[in-house]
Structure formats: structure tokens, C-alpha cells
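Using the sequences and the accompanying hints, generate a full structural model.
Protein chains: 2
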Amino acid sequence: MMNRQWVLDHYPDGPATLDTWRLIETPIPELGPRQILVRVQWLSLDPYMRGRISPAQNYTAGVKPGGAMHGGGVGEVIASSHPDWAVGDLVETMAMNWQEYAVVTPDLPGAARANRVPKDVPPQACLSWLGMPGLTAYVGLLEIGRPKPGETVVVSAASGAVGQVAGQIAKLMGARVVAIAGSDDKLAHCLGLGMDAGINYRTTKDLDAAIAAACPDGVDVFFDNTGGPIHDAVLANLAVRARVIICGRIAVVDKTPAEDIGLRASARLIVTRATIQGLVVFDWWHLRDEAFKHLAAWHRSGHIRFREDVLDGLERMPEAFLRMMAGGNHGKQLVRL
Amino acid sequence: MMNRQWVLDHYPDGPATLDTWRLIETPIPELGPRQILVRVQWLSLDPYMRGRISPAQNYTAGVKPGGAMHGGGVGEVIASSHPDWAVGDLVETMAMNWQEYAVVTPDLPGAARANRVPKDVPPQACLSWLGMPGLTAYVGLLEIGRPKPGETVVVSAASGAVGQVAGQIAKLMGARVVAIAGSDDKLAHCLGLGMDAGINYRTTKDLDAAIAAACPDGVDVFFDNTGGPIHDAVLANLAVRARVIICGRIAVVDKTPAEDIGLRASARLIVTRATIQGLVVFDWWHLRDEAFKHLAAWHRSGHIRFREDVLDGLERMPEAFLRMMAGGNHGKQLVRL
Numbered sequence: 001m002m003n004r005q006w007v008l009d010h011y012p013d014g015p016a017t018l019d020t021w022r023l024i025e026t027p028i029p030e031l032g033p034r035q036i037l038v039r040v041q042w043l044s045l046d047p048y049m050r051g052r053i054s055p056a057q058n059y060t061a062g063v064k065p066g067g068a069m070h071g072g073g074v075g076e077v078i079a080s081s082h083p084d085w086a087v088g089d090l091v092e093t094m095a096m097n098w099q100e101y102a103v104v105t106p107d108l109p110g111a112a113r114a115n116r117v118p119k120d121v122p123p124q125a126c127l128s129w130l131g132m133p134g135l136t137a138y139v140g141l142l143e144i145g146r147p148k149p150g151e152t153v154v155v156s157a158a159s160g161a162v163g164q165v166a167g168q169i170a171k172l173m174g175a176r177v178v179a180i181a182g183s184d185d186k187l188a189h190c191l192g193l194g195m196d197a198g199i200n201y202r203t204t205k206d207l208d209a210a211i212a213a214a215c216p217d218g219v220d221v222f223f224d225n226t227g228g229p230i231h232d233a234v235l236a237n238l239a240v241r242a243r244v245i246i247c248g249r250i251a252v253v254d255k256t257p258a259e260d261i262g263l264r265a266s267a268r269l270i271v272t273r274a275t276i277q278g279l280v281v282f283d284w285w286h287l288r289d290e291a292f293k294h295l296a297a298w299h300r301s302g303h304i305r306f307r308e309d310v311l312d313g314l315e316r317m318p319e320a321f322l323r324m325m326a327g328g329n330h331g332k333q334l335v336r337l
Numbered sequence: 001m002m003n004r005q006w007v008l009d010h011y012p013d014g015p016a017t018l019d020t021w022r023l024i025e026t027p028i029p030e031l032g033p034r035q036i037l038v039r040v041q042w043l044s045l046d047p048y049m050r051g052r053i054s055p056a057q058n059y060t061a062g063v064k065p066g067g068a069m070h071g072g073g074v075g076e077v078i079a080s081s082h083p084d085w086a087v088g089d090l091v092e093t094m095a096m097n098w099q100e101y102a103v104v105t106p107d108l109p110g111a112a113r114a115n116r117v118p119k120d121v122p123p124q125a126c127l128s129w130l131g132m133p134g135l136t137a138y139v140g141l142l143e144i145g146r147p148k149p150g151e152t153v154v155v156s157a158a159s160g161a162v163g164q165v166a167g168q169i170a171k172l173m174g175a176r177v178v179a180i181a182g183s184d185d186k187l188a189h190c191l192g193l194g195m196d197a198g199i200n201y202r203t204t205k206d207l208d209a210a211i212a213a214a215c216p217d218g219v220d221v222f223f224d225n226t227g228g229p230i231h232d233a234v235l236a237n238l239a240v241r242a243r244v245i246i247c248g249r250i251a252v253v254d255k256t257p258a259e260d261i262g263l264r265a266s267a268r269l270i271v272t273r274a275t276i277q278g279l280v281v282f283d284w285w286h287l288r289d290e291a292f293k294h295l296a297a298w299h300r301s302g303h304i305r306f307r308e309d310v311l312d313g314l315e316r317m318p319e320a321f322l323r324m325m326a327g328g329n330h331g332k333q334l335v336r337l
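Those protein sequence lines, which keep their order, are chains F and C. Each residue of the first sequence is one higher than the one before, counting from 1 in UniProt numbering. Each residue of the second sequence is one higher than the one before, counting from 1 in UniProt numbering.
What the hints contain is simulated information worked out from the structure, not anything from laboratory work. Do not rely on the hints blindly, as some may be mistaken.
For each label pair, taking beta carbons as the anchor points, the in silico distance ranges come out as [as the list claims (entries may be wrong)]:
{"id": "1", "chain 1": "F", "residue 1": "Q57", "chain 2": "C", "residue 2": "R4", "range": "36 to 44 Å"}
{"id": "2", "chain 1": "C", "residue 1": "G67", "chain 2": "F", "residue 2": "A188", "range": "47 to 55 Å"}
{"id": "3", "chain 1": "F", "residue 1": "D312", "chain 2": "C", "residue 2": "G174", "range": "56 to 64 Å"}
Here are the simulated lysine to any residue pairs, SDA-like style, with alpha carbons at most 20 Å apart [stated by the list, open to error]:
{"id": "4", "chain 1": "C", "residue 1": "K64", "chain 2": "F", "residue 2": "V271"}
{"id": "5", "chain 1": "F", "residue 1": "K255", "chain 2": "F", "residue 2": "A56"}
{"id": "6", "chain 1": "F", "residue 1": "K255", "chain 2": "C", "residue 2": "I261"}
{"id": "7", "chain 1": "C", "residue 1": "K205", "chain 2": "C", "residue 2": "G262"}
{"id": "8", "chain 1": "F", "residue 1": "K293", "chain 2": "F", "residue 2": "D120"}
{"id": "9", "chain 1": "C", "residue 1": "K171", "chain 2": "C", "residue 2": "F292"}
{"id": "10", "chain 1": "C", "residue 1": "K205", "chain 2": "C", "residue 2": "G174"}
{"id": "11", "chain 1": "F", "residue 1": "K171", "chain 2": "F", "residue 2": "G262"}
{"id": "12", "chain 1": "C", "residue 1": "K255", "chain 2": "F", "residue 2": "I261"}
{"id": "13", "chain 1": "F", "residue 1": "K171", "chain 2": "F", "residue 2": "R307"}
{"id": "14", "chain 1": "C", "residue 1": "K255", "chain 2": "F", "residue 2": "G262"}
{"id": "15", "chain 1": "F", "residue 1": "K255", "chain 2": "C", "residue 2": "V271"}
{"id": "16", "chain 1": "F", "residue 1": "K255", "chain 2": "C", "residue 2": "L263"}
{"id": "17", "chain 1": "C", "residue 1": "K255", "chain 2": "F", "residue 2": "V271"}
{"id": "18", "chain 1": "F", "residue 1": "K255", "chain 2": "C", "residue 2": "A236"}
Only a predicted model underlies this, so the values are computations on that prediction, with no experimental measurement involved. Each residue gets a CB set at the ideal place from its N, CA and C atoms; glycine is no exception.
Here it is, written out as C-alpha cells:
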């Protein structure tokens, strides 16, 4: 039985392109002990993947040219040598990778572990609001940003997978939420989710002034998914004792050299005594069960709603990735196999 | 009875100059209730003063042109309408200002409060290691940076008022300390205080590489007194879960515009999950007694030693300030009246 799999062709110099990866056919390996064979149904596209196809230092090892492209997914067990897993079970894991069939070792530690898909949600929710992006938003708000009721929270890439959840959790915590996104349609979606105001960073000439106007008492919590000029403009408007969560830098990650030149934070940090903290969700995997219990309850109560952007077919993975990196997606980018 | 007093002449555009202030003669005001008249003996020069002579937003109100220049000092009470203060008492306050005679209200809250000078230290210690700079170093290390034994701490402006104390507290906490300063003489002083290695930022061509070589396991705690290119070079070498204390930005505070352009931290913060926090010592004044008890004990045990740089005469205040801002001082800059 053959498998189709995307492997990294070469490290991109600047933005990834369609030929950054190539699709190969390989035999599906035999199952070892305590493994499962999964027919993949959904694959996730996430900005962290850009860091995995770079030779630069990162928080974890990346993909080497010729290696299978990393990624999370959901699928159905079609063979099992593991006593706890049976044919027909639905499984989610961050270690699914970009392929049709995955041999998964369910008992790996941390984020590589395989998890059962809950029965009362669409299975692909495990890749978005009830998955890694949901945990990211939960940790950023509950553990790092900790907005108080009435405080102002700014979320960049607010209509994205993490941003949608972050904005809605901030509302649940009683904060006022200002969404930043790249189109009026995305902002309308954010307002529809209950966020209070929106700024279109593509059409706003003076972002600093727009944030100042939208946040007259300053920004208490900034959930930064983009980096770059949006980051600078929000940092220029921090309130005293602000908390900044550095979660993503999609705006600058394709730049060469990879280091990011702009406004140094030092002046504002002293004036405001603010705190900036880098967030890598894989450090917080021990909070996964706690987060998912709350996220599921908030979803049942209607407080977490979510928009997906679905393309069909494994062959569209590179296209879906490029689309997400360029902000062409409307909601969480997924591929359905 | 007349008083000589330095007032701000105008906001400097770029670095301050000798004519940024002017020396005026004014009558000494009458004492109101619960006040003391102080003959000033020592005045402190500190980098925070640059922020007080700028119209830009700061953590507290600055000096307006024509107003008395802010500053801490030590002196002798020569008249008192306060029941707890007698002629001959030695007094220290952050609200002494640049003048020969000060009318002081001892009971003001927070940092403006007047405090007795301990009998077993040189009185000017209240302006350095047993004063605001000492508290700054204490809070930065004990409350924010929290180095663990064996971790690497980098201190910029390591031979300055805050830096000398920070480096020695870090040693007491069991850390390895790398000093950054602007001359070999200053570095020799830091090594004499027990710090482990030194980098001369003026003569080192590749600061990033020099820090990497001096900190082979990365920088766990960075006590940043300068900002600017030193900040960038240290941030490029953070260890995982590093803590960065943004305490001062003397390297860039004179730049116009005042906002500081350089390396954005976002990439490194995500890779390292580091935390950057702005420190304004006046937020931590409630820890003053605790800090001074420890600092005094460490001084008695010989673990805190300290170098001062003294100029004589009130008329030399602007010269002393310019000297400090340019790094021409060797140790804490003071003026003795």
C-alpha cells in the first residue's frame, strides 16, 4: 500500500513557494509495537510551520530537506497494534505530518501524543479552537496576559485560528477587545464574534493613531500574532503595567535576514513598566486538559464560535500554506483529504 | 538668606549641554508646618534625570523650563518646624533638587519622603548603594531577574551606580557575572568586585560574538542599563526562559526622535520564551527597608563594595551630569557642596 507525502524540497530564501515542498510516493511502513495506522482526514495549516522549514535556531528541531513536512491532523484508525486503540477510532495528533497515511505512536510524550477526538464536536475542531491554537489563546490570556474586567485587549491577526479564540476568551474575561486584521470582511467577522472594535491594518494610514483612538486608556494586554509594524504601533500605545504576549511574527518571518528590525521597546517598557513574554504553546501542554474542558464548555454555551477556511485535497497543502502566510484565508486554514 | 539653585533653562534637543540649566539666586522660603531647612552636602547625578528634562511622556512629571532641577541629596538640618527632626540631623531625600538649601517636607509619601542617614555609613551612601540605585539593583535581581546559582547574568554599565551593586548581588546569588562597560579601567574595577568576565563595548568590534564567547550557555538574566546596540547584542544571545530587566537606556536617550530603532525582540523572545520587563524603581519603594537591611548587611560582610566619582561645588552640577551621560565618570557620580 502506497502513501502520498509532502517532503521539504529545500529551505526557502524568503517566502515559501509552491516548490518548497515536493509530493512523493512511499510505501506505508509496517506497524511496530503499540502503533496505529491512520487514514488522514484533516490537516492543519499553522504559522509555526514556517519556523520548521528554516535552518535558523528555533524552539524545536525543524524539518530537514527530504524529510516529511511536520503538521497536526485528524484521521481514522485503520490498523492498530496498540491495545487502547481500535480500527474506526478517530485520532488527533500534532505528529500527523502532511500525508495521506500516518503511522502514529500514540504514547509519545508531550505534543506528539495522540489523542481521541471528542464525539460532540466536529473532528477538525481538534486542529483549531479545541486544539493547539485554542490552547495557545487560553494560555496567552489566562496565564500571561490576565486581563482584568474593563481592561483593553488588542489582538492582532484577530480572525485567525488563535486570534478568534483569544478575542472571545478576552470578552469572557470581561475585557474590551480591539481586533486588528487585514480586511473589512475579517473585521466584520470579529465584531460578529463580540469583539468591540476593529482596525484594518492594510487600509489604515496611521496605525499608531488608529490604535490610540480605539484604545483611549491605552492597551493593557496585547496578544501579538504578527510582529512587525503592527507590533510597533501597539507598543507605542501601551498602558502602565501592560502585558504583551509575543505569540507569532507572521508579518516578518519571511524577511531575510530573519532578525526583525524596527522599534526597540525599551523606552515604552520603562515608561509603562510593561512585561513582554514569548509564548510557545508546547511549553504549556500540561494545561491542555484544563484548557480544553473550559473551551468545550464555552463552546457549548455559545461563547466560542469559530470560522474555518477549508481547501480539499492533499495536493493543495502548499497552496493552503501560502494562502495562510499571505493572509488570504478567512478563518482557520484547513485541508480536507 | 539667599539660595543658589539650578533651574532648567530649556528642554535639550539631543544631549544636554552646560547651558541646559542656569544657576539662579532666590530667597530661601519660610518654613511651613512640619518642614525642615536643609544645608545640602551631597547631590546625586543619575541617568533618570535625562527623562525629567524632556517634554516626552515619562513615568512621572518632569521639570518645566524655569523649574528647579530634580534630584536626590544628603544634607544637615539647620532649622526645623517638624517635631521629629532637630537641627544637626542628617537627612536624605529624592526631593532635594540641585541647590544649596532645600526646604523639605519629610512626611511626603513614597520616594519624596525624607529619611535619616544611618550613622555607620558615609552619608553619600544614601545616594548610591544604600539608596535609590541600590534598591534598583536589589529589585531587578531579587524580584525580576531572579538568577539561579550557576546561571549567567550580564550587566551593562556594570561599573555605574546600579551596575556595581547589581553585579555584586548577582554574585551573592551564586550567578556567573559578565560585565559590560566602556573602558578597561572600569572593567578592571568590576573584576576587582568579583565579577567573572568583562567586555569593553567601545573596543569590541563584534559585540554579539563577544557576548556569545563570554556566555557559552547563553544569557539567563540581562540587567540592561543602556539599551541600544548593547541591548541588541545581548538579546541575540538569550538562553531559554531568560529574564531581561529594562532599567535604563542611557545609550539612546539623547537620540532624536526619542523612540529607539534597532533589533525587535520578537524572534528571540519566541525562540527562548524570554520575559522582558521594564523597571522603574519608584514602583518598588515599599521594598526599601527590606532592601537596605540586606544591602547594609552585605556591605558589612564585605560583599558590597563601591566606587564613587566626586566633583566639588554646586556650580559643577551640569558638568557632572554631562560627564555621567557620556560615561566619563568612574563609579557613581556625585557632587560635594
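Hint check results:
The hinted window of 36 to 44 Å between Q57/F and R4/C is violated, with their beta carbons roughly 58 Å apart. Checked against the given bound of 47 to 55 Å, the beta carbons of G67/C and A188/F, roughly 51 Å apart, stay inside it. In this structure the supplied range 56 to 64 Å holds for D312/F paired with G174/C, their Cβ-Cβ distance being about 58 Å. Taking the CA atoms of K64/C and V271/F, the gap is near 18 Å; set against the 20 Å cutoff, the hint holds.
Taking the CA atoms of K255/F and A56/F, the gap is near 12 Å; set against the 20 Å cutoff, the hint holds. Restraint check for K255/F and I261/C: the C-alpha separation of about 17 Å stays at or below 20 Å, so the hint holds. For the hint pairing K205/C with G262/C, the CA-to-CA distance comes to about 18 Å; that is within 20 Å, so the pair holds. Straight-line distance between C-alpha atoms of K293/F and D120/F comes to about 13 Å, which keeps the hinted pair within the 20 Å bound.
Distance hint between K171/C and F292/C is fulfilled; the C-alpha atoms sit about 18 Å from each other, no more than 20 Å. With a C-alpha separation of about 30 Å, the suggested pair K205/C and G174/C falls outside the 20 Å cut-off, and the hint is violated. With a C-alpha separation of about 31 Å, the suggested pair K171/F and G262/F falls outside the 20 Å cut-off, and the hint is violated. Under the criterion of a C-alpha separation no larger than 20 Å, the hint pairing K255/C with I261/F is consistent with the structure, at around 17 Å.
For a cut-off of 20 Å, the pair hint linking K171/F to R307/F stands: about 17 Å separates their Cα positions. For a cut-off of 20 Å, the pair hint linking K255/C to G262/F stands: about 15 Å separates their Cα positions. At most 20 Å may separate the alpha-carbon atoms for a hinted pair to count; K255/F and V271/C meet this at roughly 16 Å. As the CA atoms of K255/F and L263/C are separated by approximately 13 Å, the hinted pair is consistent with the 20 Å bound.
For the hint linking K255/C to V271/F, the alpha-carbon distance of about 16 Å falls within 20 Å, and the restraint holds. Of the pairs offered as hints, the one joining K255/F and A236/C holds, with about 17 Å between alpha carbons and a cut-off of 20 Å not exceeded.
Figure legend: structure checked against the earlier numbered hints; hints not met, in rising order: 1, 10, 11.
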